[in-house]
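One-letter residues, chain by chain:
Number of protein chains: 2
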Amino acid sequence: MSASALERLRSRRTAVGSPLCLGIDPHPDRLPEGLPPTVHGIETFARGLIEAASPLACAVKINVAFFEAFGSAGWAALERTRADVPRGLPCILDAKRGDIETSAERYAAALIGHLDADGVTLSPYLGEDAIEPFLAAGDGLVYVLARTSNPSAGRFQSLVADGEPIHERVARWAAERWTSGRVGLVVGATAPEELATLREAVPGPAFLVPGVGAQGGDAEAAARAADGAWAPGLVNVSRGIALASSGRDWQAAAAAAASVHSTGLSEAVLHSTASPVRAADIGGS
Amino acid sequence: MSASALERLRSRRTAVGSPLCLGIDPHPDRLPEGLPPTVHGIETFARGLIEAASPLACAVKINVAFFEAFGSAGWAALERTRADVPRGLPCILDAKRGDIETSAERYAAALIGHLDADGVTLSPYLGEDAIEPFLAAGDGLVYVLARTSNPSAGRFQSLVADGEPIHERVARWAAERWTSGRVGLVVGATAPEELATLREAVPGPAFLVPGVGAQGGDAEAAARAADGAWAPGLVNVSRGIALASSGRDWQAAAAAAASVHSTGLSEAVLHSTASPVRAADIGGS
Numbered sequence: 001m002s003a004s005a006l007e008r009l010r011s012r013r014t015a016v017g018s019p020l021c022l023g024i025d026p027h028p029d030r031l032p033e034g035l036p037p038t039v040h041g042i043e044t045f046a047r048g049l050i051e052a053a054s055p056l057a058c059a060v061k062i063n064v065a066f067f068e069a070f071g072s073a074g075w076a077a078l079e080r081t082r083a084d085v086p087r088g089l090p091c092i093l094d095a096k097r098g099d100i101e102t103s104a105e106r107y108a109a110a111l112i113g114h115l116d117a118d119g120v121t122l123s124p125y126l127g128e129d130a131i132e133p134f135l136a137a138g139d140g141l142v143y144v145l146a147r148t149s150n151p152s153a154g155r156f157q158s159l160v161a162d163g164e165p166i167h168e169r170v171a172r173w174a175a176e177r178w179t180s181g182r183v184g185l186v187v188g189a190t191a192p193e194e195l196a197t198l199r200e201a202v203p204g205p206a207f208l209v210p211g212v213g214a215q216g217g218d219a220e221a222a223a224r225a226a227d228g229a230w231a232p233g234l235v236n237v238s239r240g241i242a243l244a245s246s247g248r249d250w251q252a253a254a255a256a257a258a259s260v261h262s263t264g265l266s267e268a269v270l271h272s273t274a275s276p277v278r279a280a281d282i283g284g285s
Numbered sequence: 001m002s003a004s005a006l007e008r009l010r011s012r013r014t015a016v017g018s019p020l021c022l023g024i025d026p027h028p029d030r031l032p033e034g035l036p037p038t039v040h041g042i043e044t045f046a047r048g049l050i051e052a053a054s055p056l057a058c059a060v061k062i063n064v065a066f067f068e069a070f071g072s073a074g075w076a077a078l079e080r081t082r083a084d085v086p087r088g089l090p091c092i093l094d095a096k097r098g099d100i101e102t103s104a105e106r107y108a109a110a111l112i113g114h115l116d117a118d119g120v121t122l123s124p125y126l127g128e129d130a131i132e133p134f135l136a137a138g139d140g141l142v143y144v145l146a147r148t149s150n151p152s153a154g155r156f157q158s159l160v161a162d163g164e165p166i167h168e169r170v171a172r173w174a175a176e177r178w179t180s181g182r183v184g185l186v187v188g189a190t191a192p193e194e195l196a197t198l199r200e201a202v203p204g205p206a207f208l209v210p211g212v213g214a215q216g217g218d219a220e221a222a223a224r225a226a227d228g229a230w231a232p233g234l235v236n237v238s239r240g241i242a243l244a245s246s247g248r249d250w251q252a253a254a255a256a257a258a259s260v261h262s263t264g265l266s267e268a269v270l271h272s273t274a275s276p277v278r279a280a281d282i283g284g285s
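One line per chain: the protein sequences are A and B, in this order.
Sequential numbering of the first sequence, starting at 1, is according to our numbering.
Sequential numbering of the second sequence, starting at 1, is according to our numbering.
This is chain A alone, in the form it adopts within the complex (with noise of 0.2 Å):
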């Protein structure tokens, strides 16, 4: 039997010893000299950091937006980068869908079946019918949206009722609902607080921590509240990785650029003593 996604992570997290996710969003007006602000040139962009990026992350992580604005052929850009992923690699869709019934076993039928991604984002807005088709498709992780990193994410995220705000709400019902570790939750690196916070009071789930680097998040607070007890974390770059260069020399850039932040991270994790669980706990036997 060939191993589920969850174990693919903790192998992969083994194999690289860094929580680094690498993020790709390719956006047609960022593209480094060269490359044409067409689907074809997002494309490029795309396969061509993960070919030089990604042999130090743990994971990467594909943000959907990026292909879906080319509609079909973007999405058949998408298709083609997914399957350049490297084997062994595991594959996060960053889709942050969130609908219900049949809608959400056919968005699972989209991003899990056809894309055959490891782990995608969803919304917890609709509860848990949002999430359990998704779950139901195959063995892939689900991240759900707790705490974002954008300036409006505590709109409704930070309103408290019952006395705990909504976002520490959205990740005790995940943690106590699915303790499969499947379930992780993102959660932003540009809420210090938030994210210490919820590190406590749900030690299991993984978190995946955008908002680190452009964003203006702390890479190695996020680092260190990253690994659950369940399921090891991710901290996503995006544009520390992909922007590094703006010249014909972006491959390697890039490469350079994911290098450090893998050792950063790595030594983030190695050093930390907040931390719940140490790296060799959750990096699998």
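FYI, nobody ran anything at the bench for these hints, they're computed from the structure.
The hints are all genuine.
Only part of the chain B face toward chain A is listed, based on derived beta-carbon distances under 7 Å: (1) E68; (2) S72; (3) W75; (4) A76; (5) D99; (6) R106; (7) A110; (8) H114; (9) L126; (10) G127.
Per label pair, the in silico range of CB-to-CB distance: (11) A196(B) <-> D84(A): 48 to 56 Å; (12) G34(B) <-> A196(A): 54 to 62 Å; (13) D162(A) <-> E200(B): 19 to 27 Å; (14) R30(A) <-> S246(B): 43 to 51 Å; (15) E164(A) <-> E7(B): 41 to 49 Å; (16) E7(A) <-> G138(B): 43 to 51 Å.
Derived coverage of chain A by chain B (criterion: at least 3 residues anywhere in the stretch with Cβ under 8 Å from a Cβ of chain B; other residues may be distant): (17) 64-71; (18) 75-88; (19) 98-105; (20) 110-117; (21) 122-129; (22) 150-157; (23) 160-169.
The structure displayed is predicted, hence computed values, not measured ones.
C-beta atoms are modelled at their ideal positions from N, C-alpha and C, and glycine is treated no differently.
Assemble chain B onto chain A, guided by the hints.
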């Protein structure tokens, strides 16, 4: 200068006299006799439904999930289906996207730009960062999820913060922030109390009301609550029209069912005294 999406919706409402929204959710396992459970089958079904059942509808709502399930081939079918929607019939893409910054901008490029939607559905969980890029991308309408129609809708939407449930907070936030009439709310007919309370709390925004028929909501109550002071509301019917017959007469059956629904909803609006606006007031000048 051509009419805006809101003007097109008002004109259409005046023309058909009913808030009926024709929901297109083609599931490959629920196609009528003679259609294969493939992307070709769902496209044929979707286009056939629009052709047969849209003449009496105020809008058509296409659920992106059912096309996306087939990847790029599904998106190509979605592009053709959308292009096939008659001029003058507002087309809402039910996508429930919820992302931020350039990601939201790219989803808007896909739905508002590439697919030329007159309206989209969006999740509020990330705050205004997830909404504004869609308003900036054109003149299209945005329907923000407030109270959805599924069983676990209340999990977070009904939590009470500062004395009001989250779904009401979402509704007030949208109504206070965007007063142009371009931002409406999704409020499920399966929660009749919330539907009535929300209509009272925010008289301005139009409601897009799913959940009547198969999901059990009361169509007449939905019709009475749907219209806002700023824009005409919509009551979505999907299965009640699409699955009117599973035989080869599905197009004729769908046309007949749409006629019954359109008339019923039209009468409910006309005879409503509880509604804060009368059909005549929101039909445009």
